[in-house]
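Chemist: Listed below, chain by chain, are the residues.
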Amino acid sequence: MLTQQIINGLTLGSLYALLAVGFSLICGILNMITFSHGEIFMIGAFSGLYTIIALGGNLPLGLAAAVVVSAAAGILTERIAFRPFRNESPLSPALITIGLSISLQAGILLLFGADTKPFPYNVSAHKFILGNTVISGIEVFVIGISILLMIMLHLFIHYTRWGLALRATSQRIEAADIMGISTNRIIAIAFCTASLLAGIDGLLAGAYYSAFYPRMGVAISLKALAGATFGGIGSIQGAMAGALSLGVIESLAAGYISASYRDVIAFTILIFVLLIKPSGLLGQMREEKV
Amino acid sequence: MIRNRKYILLQIIAVAIISVPFILDDKYIFHIAVMSGIYMILSMSLNVQLGFTGLFSFGHAAFYGIGAYASALLTRDLGLPFVAAFILSGLFTAFIGTLIALPALRLKGIFLAIGTMCFNEIFCLLSTNLESLTGGPAGLPDIPVPSVFGLEITQPKDYYILITLLVLVTYKVFDNLIKSRHGRALTSIRDDEIAARAIGVNITNYKIKVFAITAFFAGLSGSFFAHYLSYISPSNFALSESFNLMAMIALGGIGNLPGSIVGAGILVIIPEVFRFLQDYRELIYGLTIVLIVLLLPQGIIGWISGLLHRQQTSQDLAGSPKKFSVETILHRI
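Heads up: the sequence lines are chains A and B, in that order.
Per the working numbering, residue 1 is the first one in the first sequence, and the count goes up by one each step.
Per the working numbering, residue 1001 is the first one in the second sequence, and the count goes up by one each step.
Quick caveat, the hints were computed from the structure, so don't treat them as lab data.
Each hint should be verified, as a subset may be incorrect.
Below, a list of computed lysine to any residue pairs in the SDA-like style, where the Cα atoms sit at most 25 Å apart [as the list claims (entries may be wrong)]: (1) A:Lys127 - A:Ile157; (2) B:Lys1179 - B:Ile1194; (3) B:Lys1108 - A:Arg172; (4) A:Lys277 - B:Gly1183; (5) B:Lys1108 - A:Ala219; (6) B:Lys1108 - A:Ile173; (7) B:Lys1108 - A:Ala175; (8) B:Lys1108 - A:Lys117; (9) A:Lys277 - B:Arg1197; (10) B:Lys1179 - B:Glu1152; (11) B:Lys1108 - A:Pro84; (12) B:Lys1108 - A:Arg167; (13) A:Lys277 - B:Leu1099; (14) B:Lys1108 - A:Pro278; (15) B:Lys1157 - B:Ile1087; (16) B:Lys1108 - A:Leu281; (17) B:Lys1179 - B:Ala1101; (18) B:Lys1209 - B:Tyr1231; (19) B:Lys1179 - A:Pro84; (20) B:Lys1172 - B:Gly1183; (21) B:Lys1172 - B:Gln1278; (22) B:Lys1179 - B:Lys1157; (23) B:Lys1179 - B:Glu1282; (24) B:Lys1108 - A:Arg83; (25) B:Lys1179 - B:Val1290; (26) A:Lys117 - B:Arg1281; (27) B:Lys1172 - B:Glu1282; (28) A:Lys277 - B:Ile1208; (29) B:Lys1108 - A:Ile269; (30) B:Lys1027 - B:Glu1152; (31) B:Lys1108 - A:Gln171; (32) A:Lys117 - B:Lys1027; (33) B:Lys1172 - B:Ile1269; (34) A:Lys277 - B:Asn1205; (35) A:Lys117 - B:Ile1269; (36) A:Lys277 - B:Gln1278; (37) A:Lys117 - B:Glu1193; (38) A:Lys277 - B:Lys1179.
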């Protein structure tokens, strides 16, 4: 029972984590918040699903379609909602992304209808049984892909020149500018990375729950944002750890306390963490200077 | 002289708008007008919090919901008269607002936004799950009709008169607040918290009071809403409703009190006007928000008065930091 709940929680947490690192990248660099990340997740999921259906079950190409479409959407979001408001109040980007998220949901609803679409293949056919714990193939797949992407993201941020520029930009954007880093391009790359992770995540989540619908990104993106804040927004490792632990906490709460109060428990814990350490568990507080 | 003329003009417009529903005398028009009134109170109170004090509150709909549930339960289950329940639900919401303010004081900017969003979500989840108290997802039906000192309010016209009075009172209270010493203190907190602290503004105290007073009015509008529709459910107070309120104050202008009235009115009416578009309404609504923020960064009132002002002193505006034309915004993108 306990290991079963932890496996479920890790799967859930992996799904949160891929979105949470995106929030963390964007908030870490710009100190602004985006509300359309869940919709980028959703359009990634839909483009992946329809590519897979059209090509008769080609999963790698489906993932590629999700990556391309969501990355493009992310770059476009940055152009429309964030670039005009650099160094201004985070309110304008927040409002624009709210508007974008409403219209993206409505647009997908008009294109594909409101009904929930199942994933056309049975993904839980393979089962691994360890003692009395059952792990389905899709769970292994979700956790595996998620870990792989996290390692790739870590390598990208810490061992490439773009990653170096990304870290420099998130420390201090003006100083990075002076050092000759094209901060506009770096911010676009951050959005692109965050969005393609969201797109892949969308397809994974859609396949895991076998449910694709226009509002599929709403609840999960709020949870992922909570997870990122929980671990420390702005820190990639913090966001991963926060999202994974949120997933596990939620699944344990559902198993041992009450299934209908799992979300209440998750959000309440987040509020308490914010109270005790507003920057999150692993986040670093930025000093405020006059 | 110009100021005086402008004032008279505003009064004429106000009287005209208020009397329109009486001329048309249609139930549907009255309904839209009453709903606009409820949102006007909500967006004005959110604007005082966000536009004047700079507190990023993304959970205002929760206060609205607390007022609505409190009032519904007080009248329906405890049998209190409407007026008492109305005031009490406002006070209760203000009390919750104070409780929320205490943790919120530690959070700034986007962290406050995330914290308040979580608060809104927790409220919705609780109102969905505490079925014995709130009726769960099915909501609370049969909320008694309001009666004010023995007069039962049943006609749409009566609701309309009541909400108009309420909007005017709310406007007057907030207008006096922001024009007072306290209002200037709030604006100084918004502009620079450290500087405000340095000149002796008690930031903690003011932030708590702002949460309390804005929550009070949000609670009142919630109470009115509950008795007007006589049915409430958790979906009325979801996070998307908080986002709608943000859009309303953005349209009217952040930190512009009359703007909130206009913004709320327009964003309640737009979906009704575009009803014939059916499925395309949401799409248009979303795009409207995007375009408002991109093209009218100071809101519709700021834009109009900017236009009027430019005719009078065109060179004054030449140096202003924000010029709003399609070309400049496209250039910035």
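Chemist: Let me make sure I understand: some of the numbered hints might not hold for this structure. Which ones are they, in numerical order?
Modeler: Of the numbered hints, 1, 4, 8, 10, 18, 19, 21, 22, 23, 25, 27, 32, 35, 36, 37, 38 do not hold.
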